[in-house]
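K.L.:
As a plain string of letters, each chain reads:
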Amino acid sequence: MGETIQSVERAAAILRLLASGPRQLGVAELARAMGLPKGTLHGILRTLVHVGFVEQDAATGKYRLGATLLHLGSSYLDVNELRTRSINWADALAGRSRESAWIGTLHEGHVLVIHHVFRPDDSMQTLQVGTYLPTHASALGKVLLAHDPYGEGAGPLEPLTKRTITDPAALERELDQVSARGWAAEMEELTEGEVAIAAPIKDSRGLAVGAIGIRGAVERLAPEGNLNMEFVSYVRDAARAITRDLAR
Amino acid sequence: MPDPRYVAAIDQGTTSSRCIVFDQAGNIISVAQREHRQIFPKPGWVEHDADEIWQSVQTVLAEAVTGAGIDDGQIAALGITNQRETTVLWERATGRPVCPAIVWQDTRTDALTRTLAEHESLFKEKAGLPLATYFSGPKIRWLLDEHGLRERAERGEVLFGTMDSWLLWNLTGRHLTDVTNASRTMLMNIHTLAWDDELLAAMDVPRAMLPEIRPSAEVYGHTSAGVPVASALGDQQAALFGQTCFAPGETKSTYGSGSFLLMNTGQQPVVSKHGLLTTVGYQIGDGPATYALEGAIAVTGSLVQWLRDNLGLISSAAEIETLAKTVDDNGGCYFVPAFSGLFAPHWRSDARGVIAGLTGFVNKGHIARAVLEATAWQTREVVDAMNADSGLNLTTLRADGGMTADNLLMQTLADVLAVPVIRPMVAETTALGAAYAAGLATGYWPDLDSLRVNWHKAAEWRPAIDESVREREYRNWKKAVARTLGWVEQEG
Chain A
300 MGETIQSVER AAAILRLLAS GPRQLGVAEL ARAMGLPKGT LHGILRTLVH VGFVEQDAAT
360 GKYRLGATLL HLGSSYLDVN ELRTRSINWA DALAGRSRES AWIGTLHEGH VLVIHHVFRP
420 DDSMQTLQVG TYLPTHASAL GKVLLAHDPY GEGAGPLEPL TKRTITDPAA LERELDQVSA
480 RGWAAEMEEL TEGEVAIAAP IKDSRGLAVG AIGIRGAVER LAPEGNLNME FVSYVRDAAR
540 AITRDLAR
Chain B
20 MPDPRYVAAI DQGTTSSRCI VFDQAGNIIS VAQREHRQIF PKPGWVEHDA DEIWQSVQTV
80 LAEAVTGAGI DDGQIAALGI TNQRETTVLW ERATGRPVCP AIVWQDTRTD ALTRTLAEHE
140 SLFKEKAGLP LATYFSGPKI RWLLDEHGLR ERAERGEVLF GTMDSWLLWN LTGRHLTDVT
200 NASRTMLMNI HTLAWDDELL AAMDVPRAML PEIRPSAEVY GHTSAGVPVA SALGDQQAAL
260 FGQTCFAPGE TKSTYGSGSF LLMNTGQQPV VSKHGLLTTV GYQIGDGPAT YALEGAIAVT
320 GSLVQWLRDN LGLISSAAEI ETLAKTVDDN GGCYFVPAFS GLFAPHWRSD ARGVIAGLTG
380 FVNKGHIARA VLEATAWQTR EVVDAMNADS GLNLTTLRAD GGMTADNLLM QTLADVLAVP
440 VIRPMVAETT ALGAAYAAGL ATGYWPDLDS LRVNWHKAAE WRPAIDESVR EREYRNWKKA
500 VARTLGWVEQ EG
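As they're listed, the protein sequences go chains A and B.
Residues in the first sequence are numbered from 300 upward in steps of one, following our numbering.
Residues in the second sequence are numbered from 20 upward in steps of one, following our numbering.
The set of hints was computed from the structure by calculation and includes no laboratory data.
For clarity, every value in this text was computed on a predicted model and none was experimentally measured.
Think of the CB as a built atom: it goes at the ideal place given N, C-alpha and C, for glycine as much as any other residue.
Among the hints, erroneous ones may be present.
[Said to hold, decoys possible] So the derived label-pair ranges between C-beta atoms look like this:
1) A:A311 to B:D347: 36 to 42 Å
2) A:D536 to B:T126: 43 to 49 Å
3) A:D544 to B:D216: 22 to 28 Å
4) B:I484 to A:G452: 36 to 42 Å
5) A:P455 to B:I484: 35 to 41 Å
6) B:G86 to A:D421: 38 to 44 Å
7) B:W506 to A:P448: 40 to 46 Å
8) A:T367 to B:N329: 30 to 36 Å
9) A:D536 to B:Q57: 33 to 39 Å
10) A:D447 to B:T126: 49 to 55 Å
11) B:D347 to A:G524: 45 to 51 Å
12) A:G320 to B:R115: 56 to 62 Å
[Said to hold, decoys possible] Derived contacts from chain A toward chain B, CB cut-off under 10 Å, selection only:
13) E308
14) I386
15) I413
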């Protein structure tokens, strides 16, 4: 076993003590239990409070486990739950935009399509739930990459059309822009003649748990190559509505 | 140019009242919702406070109109859809309820319905319904007897209505009901669409207390703000209409805690030989009534909740799909949720639930699969009964309700039914149906075809298993069903 970091071990010991019973503990009690001077503990406790793992009771000054820590193990949002919570908004998005609506999540470096609403024109369409899209060449993927807390990064930047972004620096710039403005566009980068728009769906902690967007013909979404901003606002409205729902 | 006006629908449901405003394309413009109390005075009893519900309805109506950013003058029509069978009695002079409303789930009339057994074939033939606590007739009879209201009812001082009547009374001042709601009382002759003296005599309910039976869509009157009140439909019938199932054979299935399949059977009532209910689907203005066969499945979505709440295998209903997808098939396991007996098409109150085919191999993923398959196979049984009764063949199933978010369930349904399963774009088919009917009555929409144009497919699942697999699985399901029967021994 390699070298261990003493202060991390001490922080873990504090958390174990606070988790060991229902009552709150003061700094003196913790110091006694751990056989350490109070001064040593103050810095560690302050740090734990700062990251939200420990809370200090305003009245008694004693410590207890923080809400952030309690939610750590249960923060994963099931994709089927995400679909259930989004379904009405995705229908409304397809209804307003008259285009197909899509929801995706990151899965092993790809976009996994978890929900798909047909374009409401009764043309022959096939349900694409369960299929994968490349992250670097799709609006959903760019949103997810730009907001990915784990920084998985895009896979190999393969060209799919002549407009696919294949230069890592260019993709980096694109993702910075997506992150700054809160939505992504895909201008014939995945399929010739198709444009897509996407925006992030965030959970109550502000983490992006998915992306929602629409996809359609370039003539409708971006006549003469200029994205029609009305569609962007439809997509962002839907993303915000789901985000609000998830926060409840 | 699009019509600048809108149609509003009140959806007076079992747990809440909602109002939804739609535009001419059938898009939702605004929604308002208020829950009301569920009153449980004794085991098996469920009551509502009709006054509270009327207050809620007024509130949501105002909120939905305000929320849409419009005023009453822009509402071209107001429609009503309602929880069916729930029974309200009120005083004609004051308009105040004289007793709590008895809700459809209430089973206090169990003993009473058994005393009516001699009339069973009469009810079946004339009303199209089996003897059950579910329907309004026994609830009226019970209230008349237990609250000593019979004489006042005979004098027409105490009035009966289902929720549609209660709301129409309050909105327009008239004592009316629509044919679909009347078809759930056991008092209306399903062939003549009129109250029937023989049925009234068998149930011992005085005619003087009953509302006038009207079509589902016509202008019944106007609200105090001048909005035409122009439709009333029971909730499942409204969903049939909202799904634009206008042609014989077209069928919708609504997946909630339980599930309701309704098949349009055209202009003739089909008396079921296979355990289905005969009901009125809708009647537009002076046109002929369109009938439907109805199959009720008691436990579908509630089985998923049971897995969550009673077994703790999942933490939210949606996770059933995740758990089920951890395995490729049911592992030989079948789950028949006959928790309170089997409903359509079996109607066996002596049945209780089983999980059959258990081996050491079966894990929680297989059980999750079996839970979803249970909804699919129960649907198949009802569809088989509908095809046999109607002589029509289901060609696609239009599914709505909360469980349509479950893709695996939708695919399984397509697989076991061997027909495509379609989810429509507007999930709120119940409110939409009431809005459509009201809009038709007032000319906001010209005809049924203009409504069909609004219906769009949001998703479609096509059958993807071999016939041999489907047949084998159905055989196994039937074997499991056979094992639920006769569990409850006759009470002494």
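K.L.:
Next step is simple, just say for each hint if it's right about the structure.
P.N.:
Checked hints:
1. A hinted range of 36 to 42 Å holds for the C-beta pair A311 of chain A and D347 of chain B, which are about 41 Å apart.
2. Judged by the Cβ atoms, the range 43 to 49 Å given for D536 of chain A and T126 of chain B holds: they are separated by roughly 46 Å.
3. Between D544 of chain A and D216 of chain B the beta carbon distance is about 53 Å. The supplied range of 22 to 28 Å is therefore violated.
4. In this structure the hint that I484 of chain B and G452 of chain A lie 36 to 42 Å apart at CB holds, the actual value being about 39 Å.
5. Between P455 of chain A and I484 of chain B the beta carbons are some 37 Å apart, a value that agrees with the proposed interval 35 to 41 Å.
6. Distance hint check for G86 of chain B and D421 of chain A: the Cβ-Cβ separation is about 30 Å, which falls outside the suggested range of 38 to 44 Å.
7. The given range of 40 to 46 Å is broken by W506 of chain B and P448 of chain A, whose C-beta atoms sit roughly 52 Å from each other.
8. For the pair T367 of chain A and N329 of chain B, the beta carbons lie near 31 Å from each other, so the given range of 30 to 36 Å is met.
9. Separation of D536 of chain A from Q57 of chain B is about 35 Å and conforms to the stated range, judged on CB atoms against 33 to 39 Å.
10. Separated by about 54 Å at the C-beta atoms, D447 of chain A and T126 of chain B satisfy the suggested range of 49 to 55 Å.
11. At about 46 Å, the beta-carbon gap between D347 of chain B and G524 of chain A stays in the expected band of 45 to 51 Å.
12. Checked against the hint of 56 to 62 Å, the pair G320 of chain A and R115 of chain B passes, with Cβ atoms roughly 57 Å apart.
13. Interface restraint check: E308 of chain A against chain B, minimum CB-CB distance 33 Å, threshold 10 Å, status violated.
14. Taking 10 Å as the C-beta cut-off, the interface hint given for I386 of chain A holds, the closest approach to chain B being about 5 Å.
15. Interface restraint check for I413 of chain A: the shortest CB-CB distance to chain B comes to about 9 Å, inside 10 Å, so the restraint holds.
Taken one by one, the earlier hints fail for this structure at numbers 3, 6, 7 and 13, listed in ascending order.
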